[in-house]
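Visitor: Sequence:
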Amino acid sequence: MILDLFSNWNLIRVSGFLAYFLLTLSIMAGLMQKISSFKNQKQLMMELHKISGWIGMLTIVFHGTLLLVDHYVPYKISELIIPFAAENEPFLSGIGTISFYLFLIVMATSDFFMKKLGFKLWKKLHFLVIPAWVFMILHGIFIGTDSDQVWAIFIYCLGIVFVTTLLIIRYFEGKLKAVHSKSAN
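Quick note: the sequence shown, position 99, residue 99 per the UniProt record's numbering, numbers continuous.
Think of the hints as simulated: they come from the structure by calculation, not from any bench.
Since we're looking at a predicted model, the values are computed, not measured.
Please note that the accuracy of each hint is not assured.
[Unchecked claim] Within a straight-line C-alpha distance of at most 25 Å, the following computed SDA-like cross-link-like pairs (lysine to any residue) qualify:
| no. | residue 1 | residue 2 |
| --- | --- | --- |
| 1 | K177 | F127 |
| 2 | K115 | H49 |
| 3 | K124 | L166 |
| 4 | K50 | A108 |
Put together the whole structure using the sequences plus the hints.
Guide: Listed below in structure tokens is the structure:
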């Protein structure tokens with residue numbers, strides 16, 4: 001019974017949800033550090049943003065590695081690294097792969113190439129996190145075997161509501177700052 005909890009199939013499912021949780025947390029922390037209500041926690045939000053992002057990426061790698069050794073729906077390495085090449089659900093598997101690559105671009109450019117790229121280009125690349133996150137959600141909802149469960153729907157919806165709310169707050173705070181800076185000049 002206890003070994004069933006750690007079956008490859010369960011670990012694939014858990015790692016998918018864990019990656020969603022961690023990368024959603026990373027996005028939320030990244031957004032929160034720029035919102036005035038969290039200005040006193042800016043450093044904490046930055047650390048949470050980076051740590052949850054990298055652990056989320058490692059969780060995706062773990063998720064993909066488990067798919068390579070799965071006996072029920074096995075993937076070949078080429079099916080994992082080449083978008084839309086999978087025999088199983090090629091489109092949905094493909095957007096999962098693209099999501100991984102977009103997250104990887106964001107993480108790599110942030111931690112290793114930000115100074116070389118310059119702030120403006122880095123910031124444009126950093127916004128790739130939004131399509132990466134949306135693709136991850138679509139991948140999880142439509143290929144995940146638990147997506148019809150109430151708890152899974154709740155997890156997806158909660159993340160979507162939180163990130164959307166933070167994006168809206170950040171957008172309007174940016175607009176207010178622009179108005180205040182124009183009126184000050």
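Visitor: Work down the list of hints and note, for each, if the structure agrees.
Guide: Status of the hints after comparison with the structure:
At roughly 20 Å between alpha-carbon atoms, K177 and F127 fall within 25 Å of each other, so this suggested pair holds. With a C-alpha separation of about 19 Å, the suggested pair K115 and H49 falls inside the 25 Å cut-off, and the hint holds. With a C-alpha separation of about 19 Å, the suggested pair K124 and L166 falls inside the 25 Å cut-off, and the hint holds. Only pairs whose Cα atoms come within 25 Å are accepted, and K50 paired with A108 is accepted, the gap being roughly 11 Å.
In terms of the numbered hints stated before, the structure departs from none.
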